[in-house]
Structure formats: C-alpha cells, structure tokens
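Asker: Residue numbers (our numbering), protein chains in the order written: chain A, 1 to 112; chain B, 1001 to 1111.
Keep in mind that the hints are not guaranteed to be accurate.
[As the list claims (entries may be wrong)] Looking from chain B toward chain A, a few residues come up when the C-beta cut is under 7 Å (computed):
| hint | residue |
| --- | --- |
| 1 | G1041 |
| 2 | S1045 |
| 3 | R1092 |
| 4 | G1096 |
| 5 | S1097 |
[Claimed, not checked] So the derived label-pair ranges between C-beta atoms look like this:
| hint | chain 1 | residue 1 | chain 2 | residue 2 | range |
| --- | --- | --- | --- | --- | --- |
| 6 | A | L112 | B | I1060 | 39 to 47 Å |
| 7 | A | E82 | B | V1044 | 25 to 33 Å |
| 8 | A | T38 | B | S1091 | 41 to 49 Å |
| 9 | B | Q1014 | A | P61 | 20 to 28 Å |
| 10 | B | V1027 | A | Q54 | 36 to 44 Å |
| 11 | A | L83 | B | G1052 | 20 to 28 Å |
Rather than coming from a laboratory, the hints here were simulated on the basis of the structure. Just so you know, even glycine gets a beta-carbon here, dropped at the ideal spot from N, CA and C.
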Amino acid sequence: KAGVTQTPRYLIKTRGQQVTLSCSPISGHRSVSWYQQTPGQGLQFLFEYFSETQRNKGNFPGRFSGRQFSNSRSEMNVSTLELGDSALYLCASSPRAGDTQYFGPGTRLTVL
Amino acid sequence: KNEVEQSPQNLTAQEGEFITINCSYSVGISALHWLQQHPGGGIVSLFMLSSGKKKHGRLIATINIQEKHSSLHITASHPRDSAVYICAVRSRETSGSRLTFGEGTQLTVNP
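Input sequences plus hints: build the corresponding full structure.
Answerer: Encoded structure:
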C-alpha cells in the first residue's frame, strides 16, 4: 500500500496570505490527524477528522481550519498567515481513531 | 509543567551501547506511543502500548501505568539509530486519536 502523501512538500508564503495543504491517507484509513511542529513548541495537535467529521480540535486560533472528503483525503487551511505559522505540518492517518498512526513526510511552510 | 516529560533531551552513545530514554506523563492515558523522527522530518511510529512491554528487533518499550512512566531501550545501538525519539500519549479523556507529545530526545550514536 502507498503511504501517507502530503502536498506540497515545501511552500513559501508572505504574511497575510492564505495556504491550503493536502493529505492523502493510506487506502482504507478513515482517521486523519494534523500536527504542527516548530522548534519552539515541538509537536502540537491541530485537529482530527473521521468520516468527514471533525472529532477533536487543538488549541489553535480560528485561522486554522480543515476538512475531510468522502474519500478520506483531508485539507487544512491557514488564513491570514503570520510569521509564527512557519512550521512543519504533518498529517497522520489510521484505520480507526486511536489506532497506530502513520505519518506523512510533512509540508514545510515558510512565511516571510 | 508539560503533561509529557522526556529525559534526557540529548544523548550521545558509542556504537554497541545499550540506550534508555525515559518518558513520564501526568494524565490518565489510554495509550502511549514511541515515535522516531529522522532529519528531514519523517516520523515513524515505533510502538503503541497501554501496558507491559513490547519488543521489535533491537527496540524494547515498557510502560508502568501506576507510576505513569515509560522507557524505550535500544540494544546494541548503531549509527543508523541516530534520530529524535518522541514519546506521545493519548489521554483517557480523548475519544479520538489526539496525541500530546514530549519534547523529544536527540540520540546520536557514534561509530
């Protein structure tokens, strides 16, 4: 089976812009979680989707949003980008919520 | 105080040494994960455990639920084991997959 894929892998944006990141889970996996990793804060949970419904949301401002499609692919969107949003954004999928998570390679976002 | 604390933060070892990384947590959990992250960012899940001990090759993970503590051991360490090892917990209060992470342990194994 193909692993979790994320696109794009690298992205450079400027402050105030918005960005959409995409995640394709392993075939058959219905749970998709998103995480942000920064040198200062480490890994932090953003949100989780299961069967197109958001199950959990982390402590991030409303500028961060996401969705999941019927084929389990997921997107996350960040509006009005700030310098502090520069990070590695990781997506992980699992067959069911609570199972072992399989991580994608991440999207490295740089905000200038 | 973070909910998940790891020690040490940095660890340097010689090839062949036995390595232990510790993780303590302060919340009730339903599962604890050990993850490995190589330079470049890719994360691999090594173990998910809720009790006892698991072994995979040269890696062993143990957990003591009463003491809220887990250890990751690497036997006969090798330079390819050099990576960041991250402990993460799923709270008992969480119905989904939400994880809370430790800060990670940077392991360097020298030949």
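Asker: So which of the earlier hints does this model not fit?
Answerer: As far as the earlier hints go, 3, 8, 9, 10, 11 are violated by this structure, in ascending order.
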